[in-house]
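Trainee: Sequence:
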Amino acid sequence: MITSYFPKCVALLAICVLCVGALDTFIAAVYEHAVLLPNRTETPVSKEEALLLMNKNIDVLENAVQLAARQVLSFLTLAGILQRKFETWKERGYLEFVKDCFARTCFEQGAHIIVTPEDGIYGWVFTRETIYPYLEDIPDPEVNWIPCTDPQRFGYTPVQQRLSCLAKDNSIYVVANIGDKKPCNASDPQCPPDGRYQYNTDVVFDSEGRLVARYHKYNLFMGEDQFNVPKKPEVVTFDTIFGRFGIFTCFDILFHDPAVTLVKDFHVDTIVFPTAWMNVLPHLSAIEFHSAWAVGMGVNFLAANIHHPHKRMTGSGIYAPDSPRAFHYDMKTKEGKLLISRLNSSSYDPGVVNWASYASSIKAFSTGNQEFKSTAFFDEFTFLELTRVTGNYTVCQKELCCHLSYKMSEKKPDEVYALGAFDGLHIAEGSYYLQICTLLKCKTPNLRTCGDAVESASTRFEMFSLSGTFGTQYVFPEVLLSDSQLAPGEFQVSSDGRLFSVKPPSGPVLTVTLFGRLYEKDWILKASSDLRAQAPGVMLVVIALSVCSFSWFLE
1 MITSYFPKCV ALLAICVLCV GALDTFIAAV YEHAVLLPNR TETPVSKEEA LLLMNKNIDV
61 LENAVQLAAR QVLSFLTLAG ILQRKFETWK ERGYLEFVKD CFARTCFEQG AHIIVTPEDG
121 IYGWVFTRET IYPYLEDIPD PEVNWIPCTD PQRFGYTPVQ QRLSCLAKDN SIYVVANIGD
181 KKPCNASDPQ CPPDGRYQYN TDVVFDSEGR LVARYHKYNL FMGEDQFNVP KKPEVVTFDT
241 IFGRFGIFTC FDILFHDPAV TLVKDFHVDT IVFPTAWMNV LPHLSAIEFH SAWAVGMGVN
301 FLAANIHHPH KRMTGSGIYA PDSPRAFHYD MKTKEGKLLI SRLNSSSYDP GVVNWASYAS
361 SIKAFSTGNQ EFKSTAFFDE FTFLELTRVT GNYTVCQKEL CCHLSYKMSE KKPDEVYALG
421 AFDGLHIAEG SYYLQICTLL KCKTPNLRTC GDAVESASTR FEMFSLSGTF GTQYVFPEVL
481 LSDSQLAPGE FQVSSDGRLF SVKPPSGPVL TVTLFGRLYE KDWILKASSD LRAQAPGVML
541 VVIALSVCSF SWFLE
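Okay, so the sequence shown: first residue is 1 according to UniProt numbering, each after it adds one.
Hints are computed from structural coordinates only; laboratory data are not their basis. A hint or two may mislead.
[To be verified] Below, in silico cross-link-like pairs of lysine-lysine (DSS-like), each with a Cα-Cα straight-line distance of 25 Å or less: (1) Lys521 x Lys231; (2) Lys412 x Lys232; (3) Lys363 x Lys311; (4) Lys363 x Lys334; (5) Lys373 x Lys411; (6) Lys182 x Lys264; (7) Lys443 x Lys332; (8) Lys373 x Lys363; (9) Lys181 x Lys47; (10) Lys373 x Lys521; (11) Lys231 x Lys56; (12) Lys47 x Lys232; (13) Lys363 x Lys412; (14) Lys373 x Lys407; (15) Lys232 x Lys264; (16) Lys521 x Lys264; (17) Lys231 x Lys182; (18) Lys407 x Lys443; (19) Lys332 x Lys311; (20) Lys181 x Lys231; (21) Lys311 x Lys334.
Let the hints inform the model, and build the full structure from the sequences given.
Mentor: Okay, here's the thing in structure tokens:
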């Protein structure tokens, strides 16, 4: 009996050991949360009332964490499979070891990490004073602290304690967004008058409940006056057995620091990204831009958004560098959504892309069409209308020339598409320099609506190829289909800088875009005399529209 039992033991033990070491992939989860919001108030609520609301939101997040961590192949199912194979008491005794090993490795289909949204625990629209009861003192992770087992070590920290226990009890990394407070005094010339710094903060607890990362958001969106900007950008990473991770928040993605620095200098494999993202078409819809950033930077990207359709907040995803793995966009319902998918743990090397190579090597296509100007998200583009079923077009603005080759299945008389170029400083709701080449559907046949937000289309394309003479290596390729759907596996980027279809897109096209960022020009041109010389009336309109947009957000 022992002789026949031993080879089976060795074989199963070998399989188990291999499983334990097989960490070249991991399972990621993101949760789009329909946050429970506080009542608007001009005076701060009590700490007890603030904690009551936060616990209600954490109750919802707890269900998502438990679901994400759940094993698909249960303990009993595995036991039954192996017990049918072995009959003796000794073999069943051995089974306990194998069962535990398998259940925690090969057969465990629960997520290793879950990301939850920015503002997901207490909402938004606070003043500096009214958010204070929601804040906790979050220590530097170097203190080696597990709040779940030592909750009083750093004072009153019930939210950190609960998040830590969620991670520990479910053996999963938990990424959440809360508020940090740090006292200061007159010896610090930058200390606020109320004697404290307040930070929009991401925290990460490992599968033992230990605080392993803390990140203070650096690029605050307009209106986040309840928080302070850190004195310098924080570059925060944490290492796991399934790769190196970096973290930043929402508006940070549009800037060099810390986002690009994490990838280029610290070589992270995966970005975790809590966000409260308001969708802005045609080029800054959440799933559209976040998936493009993953491709452009060659990293995994785990984006968890707030679910609040009234504020245009939806769009979460698990994005690999070569294609989206899972995504969610829902403007119709009020429910949250859990996404789970498997990703490669190691870095992805997409190869070097020379974004200007192809576009600089060809002559401009001549069509005889009249150029026209129109605005997309406050930026004035130079456009050409696509007047034929198939064609080759070139449009230029300043240093950027965009080339498009395309073929439609048919040219619909009630739908107009245009090729656009923008090369300039975007100044609404932030200041950042862009170079954009875009094929997009106009809202109506009126050319003045080219660049307006469009959510549906009926025109199908058989092929497209888009390129531009970009002056940057940071270009993010976007393809968005009708009803805000992505196109996994339907396009590629070539080493000479072409974004092209590899098969006819599975749905009608809303936009095909190369979204370029020239980080080094963000502040140089902001103060230039050319910008100051712009027509005052135009500047006032842009500022007014931006304020109106944010005022609507606050409602």
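Trainee: Check each numbered hint against the structure and report the violated ones by number, ascending.
Mentor: 2, 3, 4, 6, 11, 12 and 13
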